[in-house]
Amino acid sequence: MADETARAEAEGQVAEVAAPATANPNSPYAWPKESRLLSTRVNRIDGTLKVAGKAKYSYDMQRPGMLYARILRSPHPHARVVSVDLGPARAMRGVKAALTIVQPGAKVMYVGDEVAAVAATSEDIARDAIRAITVRYEVLPFLATVEQALRPEAPAVFEGGNVKESQVEEEGNLQAGFAAAAHIVEQAYNTQVQTHVSLETHGCVCEWDGDKLTAWASTQAVHGTREGFATSLEIPQANVRVITEHMGGGFGSKFGPDVQGVTCAKLAREAKAPVHLLLDRREEHLASGNRPSAYARIKAGVSADGMLTAFDGETWGTGGAGAASGFPLPYIYAFPNRRRVHKDVYINAGQQRAMRAPGHPQGCFITEMLMDELADRVKMDPIEFRIRNLPPQAPNAMWREYFKIGAQRFGWDKRHATGDQAPGPIKRGMGCAANRWGGGGRGTQAQCEILPDGGVVMRCGTQDLGVGTRTLMAIITAETLGLPVSAIKVELGDSNLPFSGGSGGSTTAPAVSPAIRVTASKALQELAGRVAPALGVPADQITASDGRVHVKGDPSRGLSWADACRRLQTTPISVNGQWEAGLSASGTSGVQFAEVEVDVETGVAKVSRILCVQDCGLVVNQLAAESQCIGAMIMGVGYALYEDRILDRNTATMVNPNMEWYLVPGMSDVPAIDIMLMNQPERGVIGIGEPPTISTAAAIANAVANAIGVRVRSIPITPQKVLAALDGERAGGTL
Amino acid sequence: MTHPVPESRLVTPDLHCAHLRHKGMYVLSTPDPGEAAHAGRWDATAYWCTRTQKASGPDGNAANAACCVAGNGRNCCH
Amino acid sequence: MKPFAYVKAANEHQALAALTRERGKVLPLAGGMDLVSLLKDHIAEPDRVVSVKGLDATITAADGGLRIGAATRLVDLHQHAVVSAQYKALAEAAAEVGTPQIRNLGTVGGNLLQRPRCWYYRNEEFACLKKGGARCFSVDGENQFHAILGGGPCHIVHPSSLAVPLIAFNAALRIVGPRGEKQVPVEEFFELPDRNLYGETMLRPDELVTHVILPPARAARSATYEVRFKQSHDWPIAFASVALQMQGSTVAEARVVLGAVAPIPWRSPAAEAVLKGQTMSDALAVKAAEAALADASPMSHNAYKVQVARTAVKRALLQAAAATA
Ligand SMILES: Cc1cc2nc3c(=O)[nH]c(=O)nc-3n(C[C@@H](O)[C@@H](O)[C@H](O)COP(=O)(O)OP(=O)(O)OC[C@H]3O[C@@H](n4cnc5c(N)ncnc54)[C@H](O)[C@@H]3O)c2cc1C
Ligand code: SF4
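Protein chains in written order, with our numbering: chain F, 1 to 735; chain U, 1 to 78; chain Z, 1 to 325.
For the record, the hints were derived by calculation from the structure and aren't laboratory data.
Keep in mind that this is a model prediction, so the values were computed, not measured.
Some hints here could point you the wrong way.
Said to hold, decoys possible - Within a straight-line C-alpha distance of at most 25 angstroms, the following computed DSS-like cross-link-like pairs (lysine-lysine) qualify:
id: 1; chain 1: F; residue 1: 404; chain 2: F; residue 2: 379
id: 2; chain 1: F; residue 1: 56; chain 2: F; residue 2: 272
id: 3; chain 1: F; residue 1: 33; chain 2: F; residue 2: 56
id: 4; chain 1: F; residue 1: 606; chain 2: F; residue 2: 414
id: 5; chain 1: Z; residue 1: 230; chain 2: F; residue 2: 606
id: 6; chain 1: F; residue 1: 721; chain 2: Z; residue 2: 230
Taking the hints into account, I'd like the entire structure generated from these sequences.
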C-alpha cells in the first residue's frame, strides 16, 4: 500500500488517502485484535419485537385522549392564497382544533403544498373536515416540466429566475484533450425524480404537559428535531423532548419536525390533547422530498490506447420549486481535461431533500454509461478500461482490486461483447460500475451504567433508522465488557439521552461505535478499580472476558461478572464518554456487477443477479452491514427500472402518488444478491448506509446495453424506452 | 471533553440568517479528502427555514444560502 | 370517505332489494379490493353500500360446462380442478391477478365490475370526462398505459383479467334485476366509451351479476399471456387470451381476445380469420398477432404497447397450441 501511494505521488497524482484513514492501534480504546463479536453475524436485538409486531413505531403511538390530524394541501401547482375559512371545519362534530398554515397573501408553490390543518377525534372526521375548509386561490402560471421551464417564453415563476446557472468547473486544457482523442463520444443521458418511499411515513405524535412538549417523531435526528420544534414554536429547547423508539426509514428526508410536526404540536396545544399526525402515501410522494432529476449532454474523448483525454459536460436537473439539483460529474474516473456547467431548473413540484447518497447515483449512472461507450469505441473490456483510468489505489480507493476480485466471483469472463447473439427473444448481459463515499462520523456522546446486580445499560441519543444501531451498541458494549449481547440493555432514540448527531451521510456507525467503545471501556476501568483490592492487582492489570472480571492473561484469577458487580454494593458505576479519533475513518469504495435478462419482444428488463464488493472499514456486525447492502441494491433496482415520479405535463399534478403506479421492486423483482464485504479492521469503523445504492442502476443500465446491443441512456429503463431504443437501432441508429 | 461543533461550509452564524437550515448542520461528519479532491463544486443542498419548516421563508421566497444573508433586504432574516 | 349506510345482504333477493335505479347512489361491495379504494379516494360516493358476499360462491358443473357464483374468490377459481384442467386461460389469468392478498379477497363478480385504473380517473384532482368533467386528460398527457384500440372520447383500458379469457371461452353472465333475470354473453356486456362514458358495462344500477356461465370447453387448448413489467403488485401492460379448437395441428376455430389495450376486452376477428384452417406455426402466430393490432392507433406515448400486445397474442397462441387439451 505504502509503495502504491509513493508511486502515485511520484507520478504527481493525488493519493486518495484520507486522514485519519487508519485507526490508531495505540489508542487506549483500540478495537480488540481478536474479537468475539465484532465482524460476526449478530441478529438484531429488536428483531423478535419487530417480526412479532410489538415494536412501537411513532405511527403506532397511542396516547390517552389522542386526536388525529390531517393537512389540507394545495390542489394548484402555483397560486396565491386569497382567503382560508376554517369555520365549516371547526363547526363539525369531533373537530377539536384547526389552523391555517399558509397565510392569505402568501403563495403555494406545488400541488401538495400545505395550506391548513385540522385535528379531530378520528382520522375519518379529520379527513372530512379538511375538505370542508374553503380556500380561495388566485391561480398563477406554473411550470410542470424541465422542458417548459427552459423555454425562453416560459413565465417567470420563481423569484430570481426559473433557472440558476452554476459556475463553470474547468481543469486542464479541453482543446488539447480532444486533440489527443482517437474517438469522441457525444451523448445525452438522463435520470428521473425518485421519491424516498420510507415505509413509515413522516410525522409524529405530539403531547403537551403544561409548557413542555413531547414528540414521538419518525426522525433521523432526535436532537436536531428538538431544536427544530423549539425554534419553530419559539419555546425553550429544554422544554422539548423527542423520542424515536423504532423507525421505518428516512433515507435522508427526516431531519426536522417539518411542517407536519410543527402543525401537530400547534394543534395539540390548541386542542389541549395529544395529536397524531403522520402523512399518507400520497403526501409522502408530493411533499416529503425526492432525489432530483439529472440531464447531461456530454462530449468525451479517449485515446487509441484507452486513456481518457477530455470531458465536456453540460448538465441540468430539477429539485422542484426553488431547490438545487447538483451532482458530481465526471464520477471517480480521471479525465485530465474537463469542463462542466450545471443549471438548476425550478419547476412547480415538491422540493428535493437529501436522498441516500445525494447526487452520487446520478453522477455514477451518467459517467459509467459513458465509460462503457468509450470502452466500446476502443474495443476494450469495460473493466480493463476502467482500471486504466481509475485514480491510484488507496485504502479509500480500492476499485482496481475490487473490480478484479468481483469480476472473478461474478464470472465476468463469460460476458459477451455488446449485444447478446443468442437466439430467442431473451437477451442476457452484464455490466459494472464503481462508487465512493465518505461515511466518517464524530461527536457522539454516551453513558454507561454498570449496576450492582450485574445489569449493564448503554445510553446514547442517537436513533436507529431500522439499520441496526441498537444492536451495534449492544455488540460493542458486550465485546468490551466480555459479556453476551443479550446482557446489554440499550437506550437510544431520545433527545434526553447524551447527544449524538443526526443519522445522515452514513455517519451513524462511525460516530456511535467509538463513543460506545470508549464509554464501555471507561466503565470497565471503573469496575476494575472497585475489584482490584479483592484480586490483589492494580486496576490496570484487570480485564473482562467470558463473563468474568479477571487479571489480564489469567482468567482463573478473578470473579464472575455477577460477583464483581456485587462489590458495588449500593452504588452503580455511571460514566460518560464520547467519540474519539483513532477508532473510525472516512472514505469507502465499492464496485457492483449486474446481470440482466431483457425480452426484446416486450422491452421488459429483469435483473437476474447483482454482486456488490464494498468496504466500510471495520465491520461491526456482518449481518447488519450485509442487510444495508441488500436494501441499498434493491433500491438501486427500483431506480434503474421502475421508480418515477410522474407529473402530468399539463397540470403539474403527480399521476402516480401511490404504490400502485409508483413502482418499487416487490419480492419477485429482487434479483439474487451476492455481497463481498471487504473488512478493513485496521481502518476502524466507516458507514455503509449509502454507498451500496450508488452503482446499482449504472451497472444494470450497462448490463441492459450489453444484452440488447443498444443503449437506453435514460432511467428508469421501462419497456417503452427499451422498445424505442431497439426501434431506433432498426431504423439505422448507432450504438 | 471537547464538545462537538457542526462545521457547515454553507451556513455560518455571522453571515447567514439564524433560521436557515440544511441536513449537514445536523450531521457530524469527518471529511474524506479523497472525495473532496474529486467532488468538484456541485451543490445538492436542500435548505429549509426553521421558522416555516419549509423550503421557503416566512415571506414565501426561497430559503437558501444565497438568499438568506444579511443585507439582502429580507425582513424575516435574523 | 363519505359516510354511507351499510346493508348486509344474506342472499340475492335481499341484495337486489337494497339497490336503486339511480346511478352511483347504492353500490354492491364484494371483496372490496377495488371499491374501498374508490370510496377512500372520493371517486365513488354512494349513500349506501350493500355487501354481496352472500351471493353464490360455488363453482358447479352445469350443462357440460361450469356455473361460477359471483362471490367466488379468485383464489378458489384458479385452484379449481376443472378450471385449471379445462379452462387454462382462465386459471392462468386468475392466478396472475394482483397479489395473493387481492386474490384471497377479490371475487369474480367484483373483478368483472371493477372500475378502470386510468390514473386521471383514480386521482380526485382530475375532473375528467368520465367523472363528468370537460376533458380527457390522457389525450395530451401521460398516456403511456392508455388505449391503443377503440379509445375516445375516453381512453381507458379495460382492467379485468377474467373478462378476457371468459370471452375467449364464449362465456355468459347471469344478471338479475327488478325486471327478472337474463343471460348476456360477456362479449356483449362491456360497452365502449363513445356509447357509455360514465360506466363500462350494460349493467344497470339496480341489477347484479350473480353467475358466470362457462359453456363446455370442448377440449379447447387455451392460454393467457400477460406482459407485466414488474412481476409483483403490478398491472399487465397488455395481455391476450386465446382458445383454439384444433384438428391435429390445424386450427379449426380460434378465439383471440386482448386485454389492457382498449376500453373493453378486445376480440380480434381479424386474427381469428388468419388462424382458421391453418397449421399452427411461429409464422402463423406472428401473422395473427399482426392482424390483431393492424388497426391500432396509438396515442402520443403508447406506441410501444402495439409491440407488447403483438407479443402477447403471439405467445398466447404458441402457448395454447403447445398445451394439452
Ligand atoms: C395493486 C392491485 C393490483 C391489481 N391487479 C389486478 C389484475 O392484475 N387483474 C385484475 O383483473 N384485477 C386486478 N386488481 C383489481 C382487483 O380489485 C380485482 O381483481 C378484484 O377481483 C375485485 O374484486 P372484489 O370482489 O374485491 O371487488 P369489489 O371491490 O368489492 O367490487 C368492485 C366493483 O364491482 C362491483 N360489484 C361487485 N360485485 C358485484 C356484483 N355481483 N354485481 C354487480 N356489481 C358488483 C362493486 O360495486 C364495485 O364497483 C388489482 C387491484 C390492486 C389493488
Ligand atoms: S381516459 Fe377516461 S378516465 Fe382517463 S382521463 Fe380520459 S376520460 Fe378520464
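query = So which hints don't hold here, by number, going up?
reply = Hint check: 3 fails alone, others pass.
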